[in-house]
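Enquirer: If you're matching them up, the sequences are chains G and L in order.
Using this note's numbering, you'd call the opening residue of the first sequence number 211 and step up by one each time.
Using this note's numbering, you'd call the opening residue of the second sequence number 17 and step up by one each time.
Derived EDC-like pairs: lysine to aspartate or glutamate, alpha-carbon spacing no greater than 20 Å straight-line:
| no. | chain 1 | residue 1 | chain 2 | residue 2 |
| --- | --- | --- | --- | --- |
| 1 | G | 219 | L | 210 |
| 2 | G | 216 | L | 230 |
| 3 | G | 216 | L | 209 |
| 4 | L | 150 | L | 121 |
| 5 | G | 216 | L | 200 |
Just so you know, the hints here were simulated from the structure itself, not pulled from any lab data.
Please read these numbers as outputs of a predicted model, since none were measured by experiment.
What follows is the residue order along each chain.
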Amino acid sequence: MSAEFKTSKPIYSQIADRIIQQFVRGELHPGEKLPSVREMAIQSGVNPNTIQRTYGELERLGVVETKRGQGTFMTEQNEMKLKLRHDIQKEMIEAFIESMRSIGLNDHEIYESVNQSLKRSDHES
Amino acid sequence: MIMLEGVTKQYGTRKSLQDISYTFEKGKVYGILGPNGSGKSTMMKMIAGLVYPTGGKILVEGKPVSRKIAASLAFLSTEGMLYQNFKVEQMIHFFATQYPDFQREKAEELLAFMELDRRQKVSRLSKGQQGRLKLLLVLSRNTDILLLDEPFIGLDPMVRDMIVKGLVSFIDFGRQTVIITTHEINEIEPVLEEALLLDNGRITAFCNVEEVREKDGLSVLEWLKTNVKKEAVL
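Produce the entire structure from the sequences given, and follow the hints as far as they go.
Expert: So, in structure tokens, the structure goes:
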């Protein structure tokens, strides 16, 4: 299963990223119960301590809530989803800009090519 | 807790292990990595009480290891675990009669999980099925220590994946101390907490798996390569 994990980042935070992305994409709903630590460990083929850390980290970020004796739930606060989407958006755009610059495009060229691509995909749809 | 203090093992003039000191903490999952002939199996057999050190000592829960430890430790060895003339169910029955901590219900669950046929003879099982049966036998025991010596050897990727899932599903994490020797680092890495590298009978490096990723941005395999000559590992 480890083929699914990148080498350069701790596994616990990769699983956290995955949960955040599923939440932003609407595959996980606000207030939805997450699998137990054990179930999640089995699904992902990792040590349960790793999942414990993932859930702990998500709780610290306010993405999930742990209710005693009931389990771990996605937050019901709508602002959180917007905030996470904004974070991911920013991260993706920054990475995109960085790689465009690394192949030698200036800001104007980046802007133009994005604009053209957007227009093209607009025509197609 | 398993403590090795200055452990040396010598076969004739050849030193298999040299002055090993290391403590395995209770409830953690350890991987022992290293090339063939580095002393991995010797170390496992010593912890299992099957081989005695020439120098130094091994303490389990504060007591020196002896043959008696077999009663409280489950050991998946590379050879001599299965009887070719037995059927799968006879192998399970045999283990149940040998070890009072053997859990029949867990064996039944594992039988289904590992997709094994209880009526089949061991000699008719494929290598992958034999590997699964061996794991079933050790995971069905309720022990504080679980030693797995090369659980993936000779198994195809599908079976290896199934074994990793079986480990995650059936190990009692936090209570059982698990030590796994392996070459197949990629499959097992997400299950390990600590990794140590044996080379030529010595521990040449050890690390916490998530820490290596966090601080150095390396997987255990990459970490290994930085710590040992490439050709020796692959």
